[in-house]
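Number of protein chains: 2
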Amino acid sequence: MSLIVQKFGGSSVANAERVMNVARIVTDTYKEGNDVVVVVSAQGDTTDDLIEKAKEINPKASKREMDMLLTAGEQISISLLAMAIEKLGCPVVSLLGWQAGFHTNRAYGSARIESIKTERLQSELDKKKIVVVAGFQGINKSDDLTTLGRGGSDTSAVAIAAVLHADRCQIFTDVTGVFTADPRKIPNAKKLKDITYDEMLELATLGAQVLNNRSVEMAKKYNVELEVLSSLEREPGTIVKEAAKMEKMLIRGVTKDTDVARISVVGMKDIPGNAFRMFSKLASKGINIDVILQSVGRDGTKDISFTCAKDYADTAVEVLEDIFSPEGAKVSCDTTIAKVSIVGAGMQSHSGTASKMFGALYEAGINISMISTSEITVSVLIDKELADKAVEAVHKAFFG
Amino acid sequence: MSLIVQKFGGSSVANAERVMNVARIVTDTYKEGNDVVVVVSAQGDTTDDLIEKAKEINPKASKREMDMLLTAGEQISISLLAMAIEKLGCPVVSLLGWQAGFHTNRAYGSARIESIKTERLQSELDKKKIVVVAGFQGINKSDDLTTLGRGGSDTSAVAIAAVLHADRCQIFTDVTGVFTADPRKIPNAKKLKDITYDEMLELATLGAQVLNNRSVEMAKKYNVELEVLSSLEREPGTIVKEAAKMEKMLIRGVTKDTDVARISVVGMKDIPGNAFRMFSKLASKGINIDVILQSVGRDGTKDISFTCAKDYADTAVEVLEDIFSPEGAKVSCDTTIAKVSIVGAGMQSHSGTASKMFGALYEAGINISMISTSEITVSVLIDKELADKAVEAVHKAFFG
Numbered sequence: 001m002s003l004i005v006q007k008f009g010g011s012s013v014a015n016a017e018r019v020m021n022v023a024r025i026v027t028d029t030y031k032e033g034n035d036v037v038v039v040v041s042a043q044g045d046t047t048d049d050l051i052e053k054a055k056e057i058n059p060k061a062s063k064r065e066m067d068m069l070l071t072a073g074e075q076i077s078i079s080l081l082a083m084a085i086e087k088l089g090c091p092v093v094s095l096l097g098w099q100a101g102f103h104t105n106r107a108y109g110s111a112r113i114e115s116i117k118t119e120r121l122q123s124e125l126d127k128k129k130i131v132v133v134a135g136f137q138g139i140n141k142s143d144d145l146t147t148l149g150r151g152g153s154d155t156s157a158v159a160i161a162a163v164l165h166a167d168r169c170q171i172f173t174d175v176t177g178v179f180t181a182d183p184r185k186i187p188n189a190k191k192l193k194d195i196t197y198d199e200m201l202e203l204a205t206l207g208a209q210v211l212n213n214r215s216v217e218m219a220k221k222y223n224v225e226l227e228v229l230s231s232l233e234r235e236p237g238t239i240v241k242e243a244a245k246m247e248k249m250l251i252r253g254v255t256k257d258t259d260v261a262r263i264s265v266v267g268m269k270d271i272p273g274n275a276f277r278m279f280s281k282l283a284s285k286g287i288n289i290d291v292i293l294q295s296v297g298r299d300g301t302k303d304i305s306f307t308c309a310k311d312y313a314d315t316a317v318e319v320l321e322d323i324f325s326p327e328g329a330k331v332s333c334d335t336t337i338a339k340v341s342i343v344g345a346g347m348q349s350h351s352g353t354a355s356k357m358f359g360a361l362y363e364a365g366i367n368i369s370m371i372s373t374s375e376i377t378v379s380v381l382i383d384k385e386l387a388d389k390a391v392e393a394v395h396k397a398f399f400g
Numbered sequence: 001m002s003l004i005v006q007k008f009g010g011s012s013v014a015n016a017e018r019v020m021n022v023a024r025i026v027t028d029t030y031k032e033g034n035d036v037v038v039v040v041s042a043q044g045d046t047t048d049d050l051i052e053k054a055k056e057i058n059p060k061a062s063k064r065e066m067d068m069l070l071t072a073g074e075q076i077s078i079s080l081l082a083m084a085i086e087k088l089g090c091p092v093v094s095l096l097g098w099q100a101g102f103h104t105n106r107a108y109g110s111a112r113i114e115s116i117k118t119e120r121l122q123s124e125l126d127k128k129k130i131v132v133v134a135g136f137q138g139i140n141k142s143d144d145l146t147t148l149g150r151g152g153s154d155t156s157a158v159a160i161a162a163v164l165h166a167d168r169c170q171i172f173t174d175v176t177g178v179f180t181a182d183p184r185k186i187p188n189a190k191k192l193k194d195i196t197y198d199e200m201l202e203l204a205t206l207g208a209q210v211l212n213n214r215s216v217e218m219a220k221k222y223n224v225e226l227e228v229l230s231s232l233e234r235e236p237g238t239i240v241k242e243a244a245k246m247e248k249m250l251i252r253g254v255t256k257d258t259d260v261a262r263i264s265v266v267g268m269k270d271i272p273g274n275a276f277r278m279f280s281k282l283a284s285k286g287i288n289i290d291v292i293l294q295s296v297g298r299d300g301t302k303d304i305s306f307t308c309a310k311d312y313a314d315t316a317v318e319v320l321e322d323i324f325s326p327e328g329a330k331v332s333c334d335t336t337i338a339k340v341s342i343v344g345a346g347m348q349s350h351s352g353t354a355s356k357m358f359g360a361l362y363e364a365g366i367n368i369s370m371i372s373t374s375e376i377t378v379s380v381l382i383d384k385e386l387a388d389k390a391v392e393a394v395h396k397a398f399f400g
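Protein chains in written order, with my numbering: chain A, 1 to 400; chain B, 1 to 400.
Next comes chain A alone, as it looks inside the complex (with noise of 0.2 Å):
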C-alpha cells in the first residue's frame, strides 16, 4: 500500500463531465489500495471570472481581500470533487487550505508556506478516506486566509507530498508527459520517461509550462519523486527524480520561449559601475533579468544587452533611460526575437553539445544574435519569426 498524492488542474475539473472522470482516476487510484490525497485547483476560469469582479468593484482593492475572494474557487471545486468521488462509492472528505493544516506568512496573493500542522490529513487518511485538499490557499498567524500565488496548487501538492512522505505526487494536466519538443509543434517530439530535477526546472524556466518552478524546487529539496501525467488519457508519464536514479542523457528537451525582450544600452561611457547601477536599479522594480550580454563599442563606449520577460520591458526601459539618457547613452528594446533552447544534465560531460545546436541552426540559415550557457542548457536568441523552424531543426539535430 502507498500513498499517493494527485493534483488536478482548473482544466480537469472545468465541469461535470470532467469532474466525474477525474473522480473515477481518484477511485480507481484508491481501490488499488492506495492512501489518497487530492489537491484541486479552481474549476477552468472561476478563478479570472473572480478577477473580473474584483476589477469591476475595485481595481485597487486589497490583496487581503482579493485571496478572500479568489480562494472561494477551490472551495467549490473540493466539494463538487467530494460529492463525485461519493457517487462512485468511496469515503472522501474535503478539506479547505486551513482545515489541510496549510500556514503561510503574511503576504497575501503570494504566500509562503511556513508549515503543514498535518493531524487532521492524517487522521482522515487513518480512516481510509479520500481527503481532496483545496490547492493554492493557507492561513496566516492572524487566522486569514491566503493565496499561495501562481502555480500555488502544484506547490500546495508537492508540499503534502513532502510532509505526509508520499511514495509519489503526480501531477495531472492536459499532456501525457514531458516532452523533447512542444509535441504540438514537433511532431516526431518523444516523450521522456524520466528527467531530473534540474532539467525539469530548466524547462519550465525556458517556456515549457508543465510544471511551475517553485513546486519542482521543493520537490528537489524534499526528495518527492513527481509524475507529470495526463487526466484525459490514461497512460504513464514522466517521473521527475533523482539524477542518481535513470539513465543519461546527452539531452532532455528543445524548448522555445516568445515571452521574451532584449534591451539594449548602447554608446555608455566606459566607467565603472555602471552593470551595477543597471541591474541594482532594475532588482528594486521587481525586474528578473535573464541572458546579460556587454561587450565593447565604439569609440572606448561599452553596449549592455539584457532579455526579460515582455510584461517588464517598458518598466526596464524607463527606468533605464532615467539613468543612462543623460549621460548620452541609448535604450533600445526589441521584442521580435525568440530564446530557443536545449537542456539535459547530459552535456555537463560532453563537449560538442553547443557547436551541434549551432551547426544545426546554421544549416537552417538562421542567425543567432545572442548566447548563453549553463550547466545543462545552451541558450540562443534568434528571429521570433524562425522560432518553430529553429525548434525543429535542433531537435532533429538531437532526436532524428
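Rather than coming from a laboratory, the hints here were simulated on the basis of the structure. A portion of the hints provided could be inaccurate.
Derived CB-CB ranges, DEER-like [as the list claims (entries may be wrong)]:
#1 TYR222/A x LYS141/B: 56 to 64 Å
#2 ASP143/B x ASP48/A: 24 to 32 Å
#3 LYS128/A x GLN122/B: 54 to 62 Å
#4 GLN209/A x ALA309/B: 50 to 58 Å
#5 GLY33/A x GLU56/B: 28 to 36 Å
#6 ASP143/B x ARG112/A: 17 to 25 Å
#7 GLY109/A x ASN15/B: 24 to 32 Å
#8 GLY109/A x GLN122/B: 43 to 51 Å
#9 SER142/B x ASP167/A: 22 to 30 Å
#10 ALA107/A x ALA107/B: 32 to 40 Å
#11 ASN15/B x LYS190/A: 32 to 40 Å
#12 LEU250/B x ASP143/A: 48 to 56 Å
Partial list, computed: chain B residues near chain A (C-beta under 7 Å) [what the hints assert, rightly or not]:
#13 VAL19
#14 ASN21
#15 ALA54
#16 SER62
#17 GLU65
#18 ALA72
#19 GLN75
#20 ILE76
#21 SER79
#22 ALA82
#23 MET83
#24 LYS87
#25 LEU88
#26 PRO91
#27 ILE323
Glycine included, every Cβ here is placed at the ideal spot set by N, Cα and C.
Once you have looked at the hints, place chain B on chain A.
Just chain B now, with coordinates in the frame of chain A:
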C-alpha cells in the same frame, strides 16, 4: 455613538452596482460615527447556481459537502463588499462565519448557533473597522463548515446584534418596511412605523415573507430591536420591538397565503384516538399542520380537515390513506384554497374584530370554508381565486 448591525440579502448585492450601493449605505452609517457590523448573503442566484452544479454531479451529495460548497457563496459576497467599502475610503475587514466566531452544532444544512466567540469581531471593531460578516454559516466542533438553513443570514445578523448588544439590527430588503397588506396588491396599504415581535412572527408565518421567523424569535428572546427597511430607497423602515414600547393598534395587517392545501378525512369511525393516530403519524413525517377542524359527520362518523404547506400534501394524503382507507374513510386534498388572515396584538382586548372581518368578506360575496383564531390572529380559508379580493375588502374595512 451606537453599534449598528446591518444585514443585506442576496438581491441587495446581486451585481457590482448593487454592491456599491450597499457600500454607500454602510459607509454613511459609519461616517455618522457608528460602529458597523454588516452581515451579507450570497449574491443573487449564486446559491441556486451552486446547488445546480452539485445536482449535475451528485443529486444525493452529503450535506457536509453541500455546506462546503454553499458557504463559498457568502465568501464571494463579503470580499466584494469589503472591496467596495475600501474604494469608498473606509477601513474594513471581511470575516467568514468561523472567523466571526459562529460555532454551531453538527446539523449540516440547518445548523443551530451554539455560541458566538466575539474576540475577533470585537478586536476589529476596536480598530475602528467596518466588519463584513458572511451570513448563513458557521463551524462545528470538528472544524467543518456548516450552514444555518433557510433565512440563515437574518439569524446571523440578529445573533451578532444580541451578543454584541447592538443598539439596532437593520434588515435591508426590497421593500421599505412592513405594510398592513401587500403593497403590490393593495395600493393604499400603509407602512407600519412599528410592530411587536409576536405580530411580526404571525405575519411571517402567514406569508408576509419579510423576515425569517427564527430570527424574529431570536430577536424577541434577546430583546434586539429590529428595523426592516429598503436597500434601494433611503427612508425609515418598520421597527420591530417589545409591545410595551409602542402604541396600541387594533390590527397590524392583512395577509394571504396561497401555498396551502386542505386535506380532509371524511367518514372516520367515531372511535377514540383518531386525531392522535392522524397527527402523530404526520408529525413523524415532518409535516407541519396549521388550521385543524373536526366535525361530526353523518351516520355517527367523524370528519377531520386540516391545512398544511402544499409541498407536503402528497405525502400527507399517502400517509392518511394507509391508515384510514382500510377503515372505509375517504381522504381528499384541495389546493384551490387560500388563507387570509388579520394580525394584531390589539385584538386581544377588542371584541368584534373577527366579526368585522367576516362582515367585510360577506359584503364582498366571499364564502368562508374554515376559520381559525389565536390570541393575535384570525384566519379564514377561502377560494384561492378570491384571495386578492378578500385581502382588499378586509384591508378596506380596517384601514379605510
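Status of each hint after checking the structure:
1. TYR222/A x LYS141/B: 56 to 64 Å: violated, 33 Å
2. ASP143/B x ASP48/A: 24 to 32 Å: Since ASP143/B and ASP48/A have Cβ atoms about 30 Å apart, the given range 24 to 32 Å holds.
3. LYS128/A x GLN122/B: 54 to 62 Å: violated, 42 Å
4. GLN209/A x ALA309/B: 50 to 58 Å: holds, 56 Å
5. GLY33/A x GLU56/B: 28 to 36 Å: Since GLY33/A and GLU56/B have Cβ atoms about 31 Å apart, the given range 28 to 36 Å holds.
6. ASP143/B x ARG112/A: 17 to 25 Å: holds, 23 Å
7. GLY109/A x ASN15/B: 24 to 32 Å: With Cβ atoms ~25 Å apart, the hint holds.
8. GLY109/A x GLN122/B: 43 to 51 Å: violated, 28 Å
9. SER142/B x ASP167/A: 22 to 30 Å: holds, 28 Å
10. ALA107/A x ALA107/B: 32 to 40 Å: holds, 38 Å
11. ASN15/B x LYS190/A: 32 to 40 Å: Given about 51 Å between the Cβ atoms, the range is violated.
12. LEU250/B x ASP143/A: 48 to 56 Å: holds, 52 Å
13. VAL19: Holds: closest Cβ of chain A sits about 6 Å from VAL19/B, inside 7 Å.
14. ASN21: Violated: closest Cβ of chain A sits about 11 Å from ASN21/B, beyond 7 Å.
15. ALA54: Result: holds, 6 Å to nearest chain A Cβ.
16. SER62: holds, 6 Å
17. GLU65: holds, 5 Å
18. ALA72: holds, 4 Å
19. GLN75: holds, 4 Å
20. ILE76: With a closest approach of 5 Å, the ILE76/B hint holds.
21. SER79: With a closest approach of 4 Å, the SER79/B hint holds.
22. ALA82: holds, 5 Å
23. MET83: It holds, given that the least Cβ distance between MET83/B and chain A is near 4 Å, below 7 Å.
24. LYS87: This hint holds: LYS87/B lies near chain A, its Cβ roughly 4 Å from the closest one there, short of 7 Å.
25. LEU88: violated, 9 Å
26. PRO91: With a closest approach of 10 Å, the PRO91/B hint is violated.
27. ILE323: violated, 36 Å
When held up to the earlier numbered hints, the structure conflicts with 1, 3, 8, 11, 14, 25, 26 and 27 and fits the remainder.
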